[in-house]
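Enquirer: Protein sequence lines, in the order shown, are assigned to chains A and B. If you count the first sequence from 1, position 29 lands on 426 in my numbering, and the numbers rise without skipping. If you count the second sequence from 1, position 125 lands on 174 in my numbering, and the numbers rise without skipping.
Read the hints as simulated data drawn from the structure, not as lab findings. Note that beta-carbon positions come from the ideal geometry of N, C-alpha and C, so glycine has one too. A couple of the hints might just be wrong.
As the list claims (entries may be wrong) - Here are some chain A residues the structure puts well away from chain B; computed CB gaps all over 12 Å:
#1 407
#2 412
#3 416
#4 447
#5 450
#6 461
#7 462
#8 463
#9 466
Stated by the list, open to error - Derived DEER-like restraints, expressed as beta-carbon distance ranges:
#10 B:442 / A:460: 21 to 29 Å
#11 A:446 / B:429: 38 to 46 Å
#12 B:171 / A:460: 30 to 38 Å
#13 A:453 / B:263: 34 to 42 Å
Residue strings, one per chain:
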Amino acid sequence: MLPAFAEAQEITLKSGPGLEEVEDNCAACHSLAYIPMNSPFLNAAAWSAEVTKMIKAMGAPISDADAKAIADYLAKNYGT
Amino acid sequence: MLTRRGVLSATGTGLALAGSGLAWPEFSGAQAPGVELSPGVPSGVDSYASLEMLPGKKPLIRLSDRPPNYEAPLECFRTPITPNDQFFVRYHLSDIPEVDAQTYKIEVGGEGANGQAKLTLEDLKKMPAFEVVAINQCSGNRRGLFIPHVPGVEWGYGAMGCARWKGVRLRDVLDLVKLKPEAIEIAFKGADGPAYDKTPDFIKSLPVWKAVDESTLIAYEMNGAPLPHFNGFPARLVVPGWTGTYWMKHLISITALTKAQGGFWMKPAYRIPAGKFPMVARFVSQEDATSMPITEMVVNSLITSNRDGSMVKAGKITVSGLAWDGGYGIRAVQISTDRGKTWSSARLGADLGRYAFRFWSFELNAKRGKNTVTANAINTIGQTQTSALIFNPAGYHNNVMQNITLNAN
Numbered sequence: 398m399l400p401a402f403a404e405a406q407e408i409t410l411k412s413g414p415g416l417e418e419v420e421d422n423c424a425a426c427h428s429l430a431y432i433p434m435n436s437p438f439l440n441a442a443a444w445s446a447e448v449t450k451m452i453k454a455m456g457a458p459i460s461d462a463d464a465k466a467i468a469d470y471l472a473k474n475y476g477t
Numbered sequence: 050m051l052t053r054r055g056v057l058s059a060t061g062t063g064l065a066l067a068g069s070g071l072a073w074p075e076f077s078g079a080q081a082p083g084v085e086l087s088p089g090v091p092s093g094v095d096s097y098a099s100l101e102m103l104p105g106k107k108p109l110i111r112l113s114d115r116p117p118n119y120e121a122p123l124e125c126f127r128t129p130i131t132p133n134d135q136f137f138v139r140y141h142l143s144d145i146p147e148v149d150a151q152t153y154k155i156e157v158g159g160e161g162a163n164g165q166a167k168l169t170l171e172d173l174k175k176m177p178a179f180e181v182v183a184i185n186q187c188s189g190n191r192r193g194l195f196i197p198h199v200p201g202v203e204w205g206y207g208a209m210g211c212a213r214w215k216g217v218r219l220r221d222v223l224d225l226v227k228l229k230p231e232a233i234e235i236a237f238k239g240a241d242g243p244a245y246d247k248t249p250d251f252i253k254s255l256p257v258w259k260a261v262d263e264s265t266l267i268a269y270e271m272n273g274a275p276l277p278h279f280n281g282f283p284a285r286l287v288v289p290g291w292t293g294t295y296w297m298k299h300l301i302s303i304t305a306l307t308k309a310q311g312g313f314w315m316k317p318a319y320r321i322p323a324g325k326f327p328m329v330a331r332f333v334s335q336e337d338a339t340s341m342p343i344t345e346m347v348v349n350s351l352i353t354s355n356r357d358g359s360m361v362k363a364g365k366i367t368v369s370g371l372a373w374d375g376g377y378g379i380r381a382v383q384i385s386t387d388r389g390k391t392w393s394s395a396r397l398g399a400d401l402g403r404y405a406f407r408f409w410s411f412e413l414n415a416k417r418g419k420n421t422v423t424a425n426a427i428n429t430i431g432q433t434q435t436s437a438l439i440f441n442p443a444g445y446h447n448n449v450m451q452n453i454t455l456n457a458n
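Next comes chain A alone, as it looks inside the complex (with noise of 0.2 Å):
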């Protein structure tokens, strides 16, 4: 007799300060699944560099505040 497991569609990323401005900010135009693919091999400084290029390249609209936030939860989360 199998359990019964539910799908595992959405990405659950680790709790923790910042998680909020992450999912309020990133998720508006990509998965959340770009954060998890992509570690844990970034550093806090190449973190960082991806949110920068978020908002100056891809033209994210992210306060200071929170793309800070997001940095230092992607570092602390998901970095080396």
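Following the hints, position chain B against chain A.
Expert: Then chain B, alone, in the frame of chain A:
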């Protein structure tokens, strides 16, 4: 042995097994219905990647669903033609409309042209039709195998496919608007766009010489059928020999330019360091002192009969796979069973054209225990795969020779 990679969800069967420490003896080794990722991709890929079916597709390995990025499992590469329902899916931007074939139009013009034209799908089908068998491979295929890892979609081996494309020559369409002598690039746009209006739209250009090449097509058929939605229905650009970034899907505009296209997706995106790769095909109007746009594919091969680490019977076995390059054609595939000390030629399969996958096979005597197999493709201009990665920050052109282990008993 049940591994985490063996137990991820398989939507096709409605079965899913999550969490760790759960034993399910029927799910083992190569028979697991879950996803088997290419060895070496970042460990985080495991947490989301799974076999999923997009509408009209067989299960593919989902790396992201918005935008959709799905690669083909290794088993899809045992024949030189990739079925439409197993052809990989790659988008940059998330707003992807269902294009209506009845109202679909391509607008052709630009300052580098003397005229303008609007072409419907019916108009295209009334023009002379041509076919080419050609590989569409993502520039970043095998990015996930980079050491050190680099950010991006962490593709394994499967962001590629080869199909028989049918359509019209791009040069016949350009002839309708008569290019001016000062036209230097042709720019392309698809119906898909960004989720947010400040995000740069995906616009790519080609140098005129490549645009007017007899093999460059606007294709409305793929392997004898209409293009799948996720591969660019109703018509897409086919740029044989060049990486997938130029193969604009859902093509809706063609613009002749008298100066270089300046958007994000031409620069800084899709660039390789100048002088690091043996590129013959040049895109001079987009080059600068330190970087150049990625153009043609590098010579490469993939062992597809066996996965790394799989079991075989001791004795005579046949190992096979595919080889390809940027359109010069495969001259030989060399196999080593002693980690590169000696090499023997594989038997090449049917030649479907210089832009197509070339099937190859090699018979070897597997001894009990571990056997290593290394494959190296060589093209007709003498280019070979590399033994060490040519590192570049965007993760392109990974053609490091594969080295797999087969365990014989």
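Enquirer: Would you mind marking each hint as holding or not holding in the structure?
Expert: Evaluation of the provided hints:
1. 407: 9 Å, violated
2. 412: Non-interface label stands for residue 412 (chain A): nearest chain B Cβ at 15 Å, farther than 12 Å.
3. 416: 15 Å, holds
4. 447: 6 Å, violated
5. 450: Contrary to the label, residue 450 (chain A) does not stay out of reach of chain B, its closest Cβ about 9 Å off (not over 12 Å).
6. 461: 17 Å, holds
7. 462: 19 Å, holds
8. 463: Nearest chain B Cβ is 15 Å from residue 463 (chain A), so the label holds.
9. 466: 20 Å, holds
10. B:442 / A:460: 21 to 29 Å: Since residue 442 (chain B) and residue 460 (chain A) have Cβ atoms about 28 Å apart, the given range 21 to 29 Å holds.
11. A:446 / B:429: 38 to 46 Å: 41 Å, holds
12. B:171 / A:460: 30 to 38 Å: 50 Å, violated
13. A:453 / B:263: 34 to 42 Å: 41 Å, holds
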